[in-house]
Amino acid sequence: MIKKIFSPLGIVFVTLLLDKLGENIVYPLLPFILSSYNPSALTLGAIASIGTLFAVLAGPIVGSLSDATGRRAMILLCIGLNILSLLIFGWATSILVILFSRVIYGISNSAMGTLQAYIVDISKPENRARNLGISGAAFGLGAIAGPALGGGLMGLGLNVPVFVAAGLSCYNLISASVLLPESIPLEKRKPVNLEAINIFMPIGKLLRQPNLRRVSIAFALFNICFSAYISLLVLVLKQQFSWTPLQTSGLFVIVGITLTVAQLSLIGKAVRLFGELKVNRIGMLCAVAGVLLLAIAPFVGPLQTTTIVISGIILAIGTAFVLPTSRSLVSGLAPSDQQGAILGSLASLTGIASVIGPITAGWLYDFSPVACFSFEALASLFGAILLGHQSNHSESAKEANV
2 MIKKIFSPLG
12 IVFVTLLLDK
22 LGENIVYPLL
32 PFILSSYNPS
42 ALTLGAIASI
52 GTLFAVLAGP
62 IVGSLSDATG
72 RRAMILLCIG
82 LNILSLLIFG
92 WATSILVILF
102 SRVIYGISNS
112 AMGTLQAYIV
122 DISKPENRAR
132 NLGISGAAFG
142 LGAIAGPALG
152 GGLMGLGLNV
162 PVFVAAGLSC
172 YNLISASVLL
182 PESIPLEKRK
192 PVNLEAINIF
202 MPIGKLLRQP
212 NLRRVSIAFA
222 LFNICFSAYI
232 SLLVLVLKQQ
242 FSWTPLQTSG
252 LFVIVGITLT
262 VAQLSLIGKA
272 VRLFGELKVN
282 RIGMLCAVAG
292 VLLLAIAPFV
302 GPLQTTTIVI
312 SGIILAIGTA
322 FVLPTSRSLV
332 SGLAPSDQQG
342 AILGSLASLT
352 GIASVIGPIT
362 AGWLYDFSPV
372 ACFSFEALAS
382 LFGAILLGHQ
392 SNHSESAKEA
402 NV
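My numbering numbers the first residue of the sequence shown as 2 and each following residue consecutively.
No lab work stands behind these hints: they were computed from the structure. Where is the CB? At the ideal position from N, CA and C, for every residue including glycine. You may find that some hints are simply not true.
What the hints assert, rightly or not - Derived CB-CB ranges, DEER-like: (1) K125 x I96: 46 to 52 Å; (2) L208 x Y172: 40 to 46 Å; (3) T306 x L344: 24 to 30 Å; (4) S37 x V121: 42 to 48 Å.
Said to hold, decoys possible - 27 Å max Cα-Cα, derived DSS-like pairs, lysine-lysine: (5) K125 x K189; (6) K206 x K191; (7) K125 x K191.
Let the hints inform the model, and build the full structure from the sequences given.
In structure tokens form, the structure reads like this:
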């Protein structure tokens, strides 16, 4: 057991877990931490979007640099940038400084692809898929434990969760510096690929392929809905329902548990029963239902809390259905010699969608919450409609591991 923990794979798991734990300590509490600035929904949407934008822009650069200089150096650099972003955020005295901290955070978060590439480097072909699954496990555990810890720490002070997250990242940097070995020998390193840095060129190639276009756009529309919902959920709970940080963190814990359980136990059975395409559409319609339930929650009196919790649970199940099946559908439709490039292009497309979602929803929410919820629901609904016109031409995709 101890050998597994201190193996390169175990160290990467701990690195990912600590990173996601720190992120999820802070994120559900942002509107409470920023309450002294009285931020608008557009401001909160911009704070969410700017981090994602710089993660998308920096991802190919960090990935290409990791091919040239080694994975370890880029992973350590990004952990260090994460610490810096949290310290700036914790000591910030204006919204502009907070936005700057989120730019640095976004760049630091671009290491996710490099961490997954590290796992591929150290894995045998027969163990690659299983080992890559540890990133999903780290995300799930971080999504459960982070909000619980953040909600508890909030009682000690508004910025205490931020500095605790920074402390976890400092430990992460020290442990990775000491224990994480390099995964690429010098002779296998490649020069920086300037073409790979342009994220828009591969997205264009992806969308020009007729068999991939509908599924890819549908997945992007779902990401617009999901990112918008999550980015403004805390503000909605605070403004419309007067929820406390502890209540909000509790909801995020429930959502995290639901997402993890659905990924582990529901998705496989659902795909065997209905096929990937139908499960994907069901997931998108679940997202629509989750958004609409949150929209009607102010009007159901004593059932408000129950309605909000059900909204989060349904959206989590929908997300658990959509994420793996979308990637699997695209993978099943892509030529075997273009899998990596196409899935990378899909990640860039959905990243851009996750930039558009929060900032658009924030702008609409400031005008009318109804307009915001309508935007979120329609995005996922249009995705489901697009999939309704997608022929399920790849039966082999049903057998894919999700």
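Going down the list of hints, with the structure as the test:
For the pair K125 and I96, the supplied restraint of 46 to 52 Å holds, since their beta-carbon distance comes to about 49 Å. In this structure, L208 and Y172 meet the distance hint of 40 to 46 Å, their C-beta atoms being roughly 42 Å apart. Distance hint for T306 and L344: a CB-CB separation of about 39 Å, inconsistent with the stated range 24 to 30 Å. For S37 and V121, the Cβ-Cβ distance of about 44 Å falls inside the hinted range of 42 to 48 Å, so the restraint holds.
Between K125 and K189 the CA atoms are separated by roughly 17 Å; this keeps the pair inside 27 Å, and the hint holds. Distance restraint check for K206 and K191: the Cα-Cα separation of roughly 24 Å lies within the 27 Å cut-off, and the hinted pair is therefore satisfied. Between K125 and K191 the CA atoms are separated by roughly 21 Å; this keeps the pair inside 27 Å, and the hint holds.
When each numbered hint is compared with the structure, a violation occurs for hint 3 only.
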